[in-house]
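Enquirer: Below are the chains, spelled out letter by letter.
There are 2 protein chains.
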Amino acid sequence: MKKMFVIALLAGFAGSVLAQQSLKPEDAIKTRKAAYSFMSWNMGKIKANVDGTFNKEQVVAAANAVAAVANSGLGALFVPGTDKDIGDQKTRLKPEFFQQPDKVKEVGTNFNREANELAKVAATGDVAAIKAQFGKTGATCKACHDNFRKD
Amino acid sequence: MKKMFVIALLAGFAGSVLAQQSLKPEDAIKTRKAAYSFMSWNMGKIKANVDGTFNKEQVVAAANAVAAVANSGLGALFVPGTDKDIGDQKTRLKPEFFQQPDKVKEVGTNFNREANELAKVAATGDVAAIKAQFGKTGATCKACHDNFRKD
Numbered sequence: 001m002k003k004m005f006v007i008a009l010l011a012g013f014a015g016s017v018l019a020q021q022s023l024k025p026e027d028a029i030k031t032r033k034a035a036y037s038f039m040s041w042n043m044g045k046i047k048a049n050v051d052g053t054f055n056k057e058q059v060v061a062a063a064n065a066v067a068a069v070a071n072s073g074l075g076a077l078f079v080p081g082t083d084k085d086i087g088d089q090k091t092r093l094k095p096e097f098f099q100q101p102d103k104v105k106e107v108g109t110n111f112n113r114e115a116n117e118l119a120k121v122a123a124t125g126d127v128a129a130i131k132a133q134f135g136k137t138g139a140t141c142k143a144c145h146d147n148f149r150k151d
Numbered sequence: 001m002k003k004m005f006v007i008a009l010l011a012g013f014a015g016s017v018l019a020q021q022s023l024k025p026e027d028a029i030k031t032r033k034a035a036y037s038f039m040s041w042n043m044g045k046i047k048a049n050v051d052g053t054f055n056k057e058q059v060v061a062a063a064n065a066v067a068a069v070a071n072s073g074l075g076a077l078f079v080p081g082t083d084k085d086i087g088d089q090k091t092r093l094k095p096e097f098f099q100q101p102d103k104v105k106e107v108g109t110n111f112n113r114e115a116n117e118l119a120k121v122a123a124t125g126d127v128a129a130i131k132a133q134f135g136k137t138g139a140t141c142k143a144c145h146d147n148f149r150k151d
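As you go down the protein sequences, you meet chains A and B in turn. All letters in the first sequence, in the order written, are residues 1 to 151 by full-length UniProt numbering. All letters in the second sequence, in the order written, are residues 1 to 151 by full-length UniProt numbering.
Don't read these hints as lab results, they were simulated from the structure. These numbers were taken from a predicted model, which means no experiment stands behind them. Worth double-checking, as some hints may not be accurate.
Since the list can't tell identical chains apart, any single copy or any two copies may satisfy a pair.
In silico lysine-lysine, DSS-like type, Cα no more than 27 Å apart, as pairs [as the list claims (entries may be wrong)]:
(1) Lys24 - Lys47
(2) Lys56 - Lys105
(3) Lys142 - Lys56
(4) Lys90 - Lys24
Please model the entire structure based on the sequences and the hints provided.
Expert: Below you can see the structure in the form of structure tokens.
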């Protein structure tokens, strides 16, 4: 997991010289919204499990999905100029995202770390520990929203 | 990986009695489209790597993302009645999806198997093997599109 975390940083928020499809700005917005929607669904499943009937296999799969999103190099989808709607792709990204690279790196690093820890903790099946780590992961989502997402 | 594959089947296409958020039909359409968009971006990265400059870390992260989508229990997002547009959520799902459960299970099983194999092969860093397995995985995507997606 530690290795994946380092990879995520290299491939993602810290910038990238890796092979990439060249994405049009509107497709970058669409794809990052898709990534977050998919992740949100998986976070919701984990919440439903820790608050209700717990099924380890579902939680493991969902936590792996959250970590996979975190590790996928989302930074490449934050193309300059995508802090405004483009075509029919609406975005809530604040301009501050492109003005505060150190803060972006901080919130991105925190999210990657906690998401990968969530996958690790999920594998143990310890419900209380998963619930706690779910909370920590959610807090890193909120930190990014508070800083870089319009209401 | 074999275990994850079995989990995916249990949680997904074969039906599920697991804890789920109750999703409105339009949100089920939105979420499954998001999952496929996120996966498509990751498949595109793998293609860019095997056709161009190869970076193992990026390919591993992308293949893990594809497998995580496959393992996430997408079946829960195919709510009855979602073979038509609902609200502002458009879908290309054919009605046949709900009429051919054995075929759905077959294409879903094949996709899960090949996606998990792709993650396994990606971890080896063997470019030729990854390229071959990428092709097999893409073929399972196409099989589902050919059967259940409108043009």
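Enquirer: Of the hints stated earlier, which fail here?
Expert: Checked against the structure, no hint fails, so every one of them is satisfied.
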